[in-house]
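**Student:** Each chain, letter by letter, is given below.
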Amino acid sequence: MSDKFKGIEPMVYNSKINVPYSWWAGDTATKFFISLRDEKKIIAPRCTGCKKIFLPPRKVCPECFNENTEWVNVSDEGTVQSYTIARRHLESIPKNKKVPVIWGLIKLDGADTALLHYLDDVRPEDVKIGMRVKAVFADSRKGTIRDISHFQPVKSRV
Amino acid sequence: MDRAAIIGIGMTKIEKNKVRDTFADMVWEAVNSALDDAGMTINDIDNVITTSSDFWDGRTISCMAVGDASGAAHKNVSCVEGDGTYGAFYGMTRSLSGSYKTTLVTGHSKGSQSVSSLITNSAFDPIYERELGMDMITACAMQANSYMHRTKTTPEQMAMVSVKNHGNAFKNPVAQLPMKISVDDVLKSEMIADPLHKLDCSPVSDGCCAIIIAHESVAAKFKQKPVWVKGVSFCADSFFFGDRDISRAKSLTRAAKNAYAMAGINDPKSEIDVAEIYDAFTYQELMWLEEMGLANDAAAGKLLEKGEFNMEGRLPVNASGGLLSGHPVIAAGLYSMSEVVKQIRGDAGEHQVKKAKTGLVQGVNGLGGQSHCVWILDKDK
Numbered sequence: 001m002s003d004k005f006k007g008i009e010p011m012v013y014n015s016k017i018n019v020p021y022s023w024w025a026g027d028t029a030t031k032f033f034i035s036l037r038d039e040k041k042i043i044a045p046r047c048t049g050c051k052k053i054f055l056p057p058r059k060v061c062p063e064c065f066n067e068n069t070e071w072v073n074v075s076d077e078g079t080v081q082s083y084t085i086a087r088r089h090l091e092s093i094p095k096n097k098k099v100p101v102i103w104g105l106i107k108l109d110g111a112d113t114a115l116l117h118y119l120d121d122v123r124p125e126d127v128k129i130g131m132r133v134k135a136v137f138a139d140s141r142k143g144t145i146r147d148i149s150h151f152q153p154v155k156s157r158v
Numbered sequence: 159m160d161r162a163a164i165i166g167i168g169m170t171k172i173e174k175n176k177v178r179d180t181f182a183d184m185v186w187e188a189v190n191s192a193l194d195d196a197g198m199t200i201n202d203i204d205n206v207i208t209t210s211s212d213f214w215d216g217r218t219i220s221c222m223a224v225g226d227a228s229g230a231a232h233k234n235v236s237c238v239e240g241d242g243t244y245g246a247f248y249g250m251t252r253s254l255s256g257s258y259k260t261t262l263v264t265g266h267s268k269g270s271q272s273v274s275s276l277i278t279n280s281a282f283d284p285i286y287e288r289e290l291g292m293d294m295i296t297a298c299a300m301q302a303n304s305y306m307h308r309t310k311t312t313p314e315q316m317a318m319v320s321v322k323n324h325g326n327a328f329k330n331p332v333a334q335l336p337m338k339i340s341v342d343d344v345l346k347s348e349m350i351a352d353p354l355h356k357l358d359c360s361p362v363s364d365g366c367c368a369i370i371i372a373h374e375s376v377a378a379k380f381k382q383k384p385v386w387v388k389g390v391s392f393c394a395d396s397f398f399f400g401d402r403d404i405s406r407a408k409s410l411t412r413a414a415k416n417a418y419a420m421a422g423i424n425d426p427k428s429e430i431d432v433a434e435i436y437d438a439f440t441y442q443e444l445m446w447l448e449e450m451g452l453a454n455d456a457a458a459g460k461l462l463e464k465g466e467f468n469m470e471g472r473l474p475v476n477a478s479g480g481l482l483s484g485h486p487v488i489a490a491g492l493y494s495m496s497e498v499v500k501q502i503r504g505d506a507g508e509h510q511v512k513k514a515k516t517g518l519v520q521g522v523n524g525l526g527g528q529s530h531c532v533w534i535l536d537k538d539k
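Listed in order, the protein sequences are those of chains A and B.
Note that our numbering gives residue 119 to position 119 of the first sequence, counting from 1, and the numbers run on in steps of one.
Note that our numbering gives residue 409 to position 251 of the second sequence, counting from 1, and the numbers run on in steps of one.
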């Protein structure tokens with residue numbers, strides 16, 4: 001087969017898509033974020049049918065197809081269901097985070113589903129499935145998921 | 159129900175960086191190869207489904223970039239965003255609809271042209287999750303920990319998947335990454351996100367695959383031996399990671415059961431001869447096998463150690479080298495379908511397995527296998 005690029009340099013066109021978006025968070029997420037920001041409280045909606053409590057909060061129960069209208073307080077403590085530790089600074093990791101970055105899937109006491117968030121104030125080798133953790137709130141809170149700074153191991157009570 | 163068959167396949171070589179090919183160049187090559195394989199011309203194609211992702215391609219309506227190269231002009235063309243097996247599912251329903259007889263399905267992607275960590279980060283919910291900075295590798299690493307915790311699967315067993323599949327790739331001329339490696343090489347490769355080492359992860363790849371699906375009334379009209387669709391099912395699980403038990407794949411179990419029932423398969427372990435499984439990461443091959451009932455719960459690692467999934471084993475899995483040896487996202491499932499078609503036709507060349515009457519293909523999309531499509535293909539109608 002003849003080389004279609006013989007004597008020709010293959011050209012590469014470089015581009016970058018950078019489009020700003022402003023997503024309306026919706027009334028459900030807004031309620032949740034305002035509670036984090038103003039009261040440092042984690043609240044979650046409950047399905048009126050199956051009574052399951054969902055984190056992250058959502059408006060419609062995925063099982064029952066009901067609108068979730070009741071809100072309840074859930075604990076700021078929970079159990080790590082799984083985790084991972086990034087050793088390489090993957091492009092998706094925020095610039096202000098240093099590796100190793102640890103994420104956990106955390107089922108808070110009182111909730112039926114688990115929340116993704118950071119685990120910190122813990123050595124990577126000490127992170128275990130089943131460990132108990134507690135939310136640490138950010139000092140400066142803006143109404144986002146990072147109003148929770150991270151989760152840290154629950155200190156043993158004396 | 160009316161029946162459908164796959165009557166042509168075509169694919170480009172999977173490569174790390176096809177800098178010399180545009181999307182359309184890859185599609186042109188794969189489509190012409192599928193038409194040649196089927197003994198058809200573009201005029202024999204009634205309608206076209208392209209499978210592509212606007213995010214990966216960096217443009218909206220990404221299917222329009224490949225319309226000319228897939229001969230879609232003046233035809234009904236539609237795009238599926240997801241794995242190639244989902245495009246094939248839609249294509250098959252069109253061939254069975256009565257409106258069309260033959261459907262050309264393409265799937266293309268060029269991972270090399272973007273940054274997969276940023277693309278897959280945008281699969282996370284933008285309000286609750288995205289700014290935490292996870293991506294496909296870290297999501298699957300979390301799933302791997304969960305699966306290992308439940309099943310006691312070891313890092314060594316996972317590494318053996320990489321050793322096996324990279325080894326199989328030597329016999330597949332379109333595979334990107336044939337490698338002779340040891341379990342130790344995998345375990346000593348860079349830890350990217352615990353427990354996944356670099357060699358537990360599939361590479362970034364470019365490629366395009368095309369298949370032609372025909373209604374039974376025209377399946378024997380052209381040159382190629384039809385490979386029959388005996389069963390197929392497509393199921394999705396909850397989007398949010400924390401809604402699922404991520405050590406399980408409930409939607410895969412359901413999809414497999416549906417596909418087996420449709421195909422009249424009672425004992426998949428003994429009735430499936432060959433399988434192409436979505437091994438984007440080593441643990442996935444083991445986990446998906448168990449969730450589809452092709453291995454007992456928590457037993458796939460041990461069966462792998464015994465050689466059951468080798469080329470000469472009870473159930474050869476990823477004889478092509480699998481996605482660990484080349485993973486053009488989106489196109490991947492169509493490559494797997496084409497591989498099983500080749501096996502069933504007896505056209506797999508050096509990586510032909512001994513017995514290949516009935517084959518299974520699995521396609522996956524979403525973080526940690528949110529959705530799955532399972533196909534049972536057969537030599538006999």
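Read the hints as simulated data drawn from the structure, not as lab findings.
All C-beta atoms in this analysis are idealised placements derived from N, C-alpha and C, irrespective of residue type, glycine included.
Just to be clear, a hint being listed does not mean it is correct.
As the list claims (entries may be wrong) - Using 27 angstroms as the maximum straight-line C-alpha spacing, the simulated DSSO-like pairs for lysine-lysine come out as follows:
| no. | chain 1 | residue 1 | chain 2 | residue 2 |
| --- | --- | --- | --- | --- |
| 1 | B | Lys-356 | A | Lys-98 |
| 2 | A | Lys-16 | B | Lys-174 |
| 3 | A | Lys-142 | A | Lys-95 |
| 4 | A | Lys-128 | B | Lys-174 |
| 5 | B | Lys-356 | A | Lys-97 |
| 6 | B | Lys-460 | A | Lys-59 |
| 7 | A | Lys-52 | A | Lys-40 |
| 8 | B | Lys-174 | A | Lys-52 |
| 9 | B | Lys-408 | A | Lys-6 |
| 10 | B | Lys-408 | A | Lys-128 |
To be verified - Ranges of calculated distance between the beta carbons of each label pair, as one might list FRET restraints:
| no. | chain 1 | residue 1 | chain 2 | residue 2 | range |
| --- | --- | --- | --- | --- | --- |
| 11 | B | Ile-339 | A | Arg-123 | 28 to 38 angstroms |
| 12 | B | Lys-171 | A | Arg-88 | 51 to 61 angstroms |
| 13 | B | Arg-178 | A | Asp-109 | 26 to 36 angstroms |
Claimed, not checked - These stretches of chain A come out as covered by chain B in the derived footprint (C-beta under 8 angstroms, 3 or more residues):
| no. | segment |
| --- | --- |
| 14 | 65 to 79 |
| 15 | 112 to 121 |
| 16 | 135 to 144 |
**Student:** State for each hint whether it applies.
**Tutor:** Here is what the structure says about each hint:
1. B:Lys-356 - A:Lys-98: Since the Cα atoms of Lys-356 (chain B) and Lys-98 (chain A) sit roughly 20 angstroms apart, the hinted pair holds (cutoff 27 angstroms).
2. A:Lys-16 - B:Lys-174: Cα-Cα ~21 angstroms, so holds.
3. A:Lys-142 - A:Lys-95: 19 angstroms, holds
4. A:Lys-128 - B:Lys-174: This hinted pair is violated, its Cα atoms lying about 36 angstroms apart.
5. B:Lys-356 - A:Lys-97: Cα-Cα ~21 angstroms, so holds.
6. B:Lys-460 - A:Lys-59: 43 angstroms, violated
7. A:Lys-52 - A:Lys-40: 22 angstroms, holds
8. B:Lys-174 - A:Lys-52: 46 angstroms, violated
9. B:Lys-408 - A:Lys-6: 52 angstroms, violated
10. B:Lys-408 - A:Lys-128: 24 angstroms, holds
11. B:Ile-339 - A:Arg-123: 28 to 38 angstroms: The hint (28 to 38 angstroms, Cβ to Cβ) holds, given that Ile-339 (chain B) and Arg-123 (chain A) are roughly 31 angstroms apart.
12. B:Lys-171 - A:Arg-88: 51 to 61 angstroms: Between Lys-171 (chain B) and Arg-88 (chain A), where Cβ atoms are some 28 angstroms apart, the hint is violated.
13. B:Arg-178 - A:Asp-109: 26 to 36 angstroms: At 57 angstroms between Cβs, range violated.
14. 65 to 79: Answer violated; 0 residues pass the 8 angstroms Cβ test.
15. 112 to 121: Coverage by chain B holds for the segment 112 to 121 of chain A (6 residues, Cβ < 8 angstroms).
16. 135 to 144: The restraint on the segment 135 to 144 of chain A is violated, since only 1 of its residues have a Cβ under 8 angstroms from chain B and three are required.
This entry does not satisfy hints 4, 6, 8, 9, 12, 13, 14, 16, going by the numbered hints stated previously.
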